[in-house]
Amino acid sequence: MRHKRLRTLQRIVGVYLPLALFLFFALFPFYWMLISSFKANPELYNLKANRLWIAHPTLDQFRDLFAKTAILQWLWNSFFVSFLTSMISMSFGIMAGYALARLKFPGAQAFGLATFITYLVPTTLIFIPLASVVQKLGLSNSIWSLVVTYPTFLIPFCTWMLIAYFKSIPRDMEECAMIDGCTRIGAMIRIVLPMAIPGVIFSAMFSFTLSWNEFVYALTFISSTTQKTMSVAVPTELIRGDAYFWGELMAASLLGSVPVAVLYSFFMEYFVSGLTAGALKG
Amino acid sequence: MAAIAHAERLPARSWVARFTKSEALTGYGLISPAVFLMLVLLAYPFVLAVWISLTDRVLGEPGKFIGIGNYLKLLQDPLFRQTVWNSFVYTISTVFLKMFLGVILALILNQEIPCRNLIRGAILLPWIVPTSLSVLTWLWMFDSLFSVVNYILLGLGLIAKKIPWLGDPFWAMVSVIIVNTWRGLPFFAVSFLAGLMTIPKELYEAAETDGARAFRQFWYITLPLLQPVIAVVVLFSTIWTFADFQIVYILTHGGPINATQIFATMAYDVALVAGRIGEGSGISLFLFPALLIVIFLMLRYLRRE
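Which chain is which? The protein sequence lines are R and P, in order.
The first sequence: position 150 = 164 (my numbering), numbered continuously.
The second sequence: position 98 = 104 (my numbering), numbered continuously.
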């Protein structure tokens, strides 16, 4: 009996208490974002009130946001860029990933290595010259500059992810299909691709999230209000000079975070397994 | 009619068939879109970065070749020296914190706990949402007048007076380190968790029968078997933290008095705010040696595996 009680105490101190602290650390900022966006300004800036709770929930901040800013445009831009770039990167990634996983050709290994290396290249290493490349292409100050540049970091990721998935699919079935007269591409599309669907969905979704969250390129290439994406528009357009409208800022941050959080909650299993597969395979 | 159509289609088909049956051609065909994009938008900008950093280019003027002038100037610039120092402090402390806390969190998440999947999902949240937006929340939480962090710490009696989170050089560095750890910890923890799940249970059972206590089990079984995952995750994080931009840009903008200025934020300020593009490119390229070291270690490590 005493032994059992000791065990319980041990579990509380050793597992539940630290877990609660970690959860608090991870989630408190979101709680704060949430309650700040549903408070009216008098309550938001009242230092005497209980600041961790909402006395009078209101949608004022959201109403202001929709009335006074181009938030719908920014949300649409984010969605447009993320959707397009994840589709492009996934398609290119499927092609390159399949080639590296299945086909033997001179240079394949070098290309695989190059893919891995580009996966590691941080965007801040080349954003300055890339701005002038984007300008030469006539794309500066347009969301199309993001559509063409985001795949440079998404394709290596998708390719790398999909190589692992393709390799885990047995060769026999596509070889049978090819003996039956299917071409290599036909076998890839009809046999291998359907079996790699979890990997494909994961790469597409993760690419979507990476595009949605990207900041450096979007900040550098785009300056007009109507072309900005959420991640850049909120910190640059909603902070006017030294004036911080925290209610609006938090409401906008919430609107910018919810889409990826929802996407991710639907496919969390894929996320966790894909992420861990990626981490293990390096 | 049908025969003609057939005859017309045949050569085309055999050409396609021959093309698609040759592995090398198919391979090149499949990788060419990716290669094209990488060459134009990654390799070429990189070469361009090196070239620009060797010129005195400013915004609106092409500039002329000045050799390694920018680099010499930077190495003598006290602000740049401080940036180098800050970048190392920022990277080393956050990577260490994420690794240390990540192992602990992974061990906890590997236990039998209620609502395990929900909790794992919640833990990952800081890593999933747009960093620029979550960092805005931290900016609000560290506000000099309304800081809720101070409100909580004062309320709990943990501090006697307000901490000037972003207003003081020391605390500003602490703040960016906290936020980076917050953002990156989930990636570490979940990767380590994946590593933990691959360790066979029998090893622990054997250790148990041999009388090894929890700590010894951790030291002699868990840690050595987790080491490959730790190494890969740490290397990934090192290069990304070294090149980090948005947390510092939004939280402190490199201030106060450049106390949190790191490579990427200084490069941005010099190249795009002050317009000295040549010098800014040079600052960015200081990330390149770090990248090379990480690539080298990573390849050596993965090859050994």
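Hints are computed from structural coordinates only; laboratory data are not their basis.
One or more hints might be untrue.
Only pairs whose alpha carbons sit at most 30 Å apart, straight line, appear in this in silico DSS-like list of lysine-lysine [claimed, not checked]:
#1 Lys207(P) / Lys62(R)
#2 Lys70(P) / Lys62(R)
#3 Lys167(P) / Lys18(R)
#4 Lys181(R) / Lys168(P)
#5 Lys150(R) / Lys70(P)
#6 Lys181(R) / Lys118(R)
Against the structure, the hints come out as follows:
no.: 1; hint: Lys207(P) / Lys62(R); result: violated (54 Å)
no.: 2; hint: Lys70(P) / Lys62(R); result: violated (60 Å)
no.: 3; hint: Lys167(P) / Lys18(R); result: violated (43 Å)
no.: 4; hint: Lys181(R) / Lys168(P); result: violated (56 Å)
no.: 5; hint: Lys150(R) / Lys70(P); result: holds (19 Å)
no.: 6; hint: Lys181(R) / Lys118(R); result: holds (13 Å)
Violated hints, in rising order: 1, 2, 3, 4; the structure is consistent with all others.
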